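With chain A fixed as given, assemble chain B onto it according to the hints.
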Amino acid sequence: MADGAGKVEIACTVNGERRRFRAYPMARLLDVLREDLRLTGTKEGCGEGECGACTVWIDGEIVNSCLVPVLQVEGSQITTIEGIASGDQLHAVQEAFISCGGAQCGICTPGMVMAAVNLLERTPHPSEAEIRAWLAGNLCRCTGYMKILEAVVRACQAKGVRR
Amino acid sequence: MRAYLPAYELKAPGNLPAALALLEREPDAWRPMAGGTDLMVLLEADKLPHKKFISLWRLSELRGIEVTLEYVTLGALTTYTQVQAHPILQQEFPLLCQAARETGGIATQNRGTLGGNIVNASPAADSPPALLAYDAQLELVSARSSRWVPYQGFHTGYKQIILRPEELVRRIRLPRAKRAWRQYYRKVGTRKAQAISKVCFAGAAELQGETIRDIRIALGSVAPTVLRCVRTETLLRAEKPSPAAIAAAKNALAQEIAPIDDMRSTAKYRLRVAQNLLEEFLRQLRA
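Chains as they are written, first to last, in my numbering: chain A, 1 to 163; chain B, 1 to 287.
Honestly, the hints are just simulated from the structure, not real lab data.
Taking lysine to any residue and the SDA-like style, the derived pairs with C-alpha atoms no more than 25 Å apart in a straight line are:
#1 B/K11 x B/R144
#2 B/K52 x A/C12
#3 A/K7 x B/Y4
Keep in mind that this is a model prediction, so the values were computed, not measured.
Same shape as in the complex, but just chain A (with noise of 0.2 Å):
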């Protein structure tokens, strides 16, 4: 089969660290984020765009990694799920999702947790029915989503915000 360019540099930001590195144009995100750059928090699930589970944000909107050709990154800030925590420190939704149980075989928590932050950055106070809209998405296939629900309700909580 005959080659194409062959890999080409790109520069983007990844949780707040400038990154140079050689790529396909049209590899993926999710396989440039967790094979080049070891990110492996992110998961796949369906590589369709319909799971949700390779949720990431790009210059702070959710995508799915799945379906972004690694080209279109160029000079933008990506944030994945190993950007949400300050260090030791979960994020509000993080700790709801274990205090709640919202996790169980945990591959569409990452992508869970980048959609349900995402929201809450954007609408502090959603309602229930913003939640699941928000979330329509991202599917979970162990958890039934009551449990998920409740985390990020319970996240609007331990932030001090109201329902």
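Relative to the frame of chain A, chain B by itself:
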């Protein structure tokens, strides 16, 4: 089976003229990629036969929403999230906002674009029925020319479009003349969120008293292309939405659409649902 990445090229020209020059130099060699939400699915499944792509994502000439007295004009890279957030679109183009809200989840809405949805040409796409109901026009540009065409007629067959290989969709223009029209949108899928349509319906009607003065009816997932049902519209013009007129319109619709059995639904179910949605739309005109 994963695609062989070294076989693919993706270039990101810095501006629109550079992108168009590339298309002009080697027509057919390069295909546009916007947010990637459809193409990247094919890549991962190793079902993306074309190998050379131009990333449009950073082209500022394809972004922005402009409002004038007559039109709202959207850059082809306008995302579903941007559609939903725009106050004029919320007020005057609720069908498009609802289509945007029901396309994938938030992550997809942040990356998926109207231009991508149009050029990807899926008959099951959610925004095109709304665009047809609003008489949208498309600006198609190449290195040498620019033309406005009605969106109706853009799709000529399954995945067939009138866009030339050296052209890009630059803007989508929506006339504001329908702000007083009664509007209806409903997508029927397997689940409430994150589903691909079994049937998608967009309708708009101008009433004079109880009589339908003008009407638009457009559907997705019931034919090889998204479809404006002009014969059904013609039948309804100058009629009151009486039970007899509704029955006649449902019969006309059955003649006009061509649903099929596939992995998401059956022809029989799609026909029934399409007719029911038409009836629901027309009944609401009486209220």
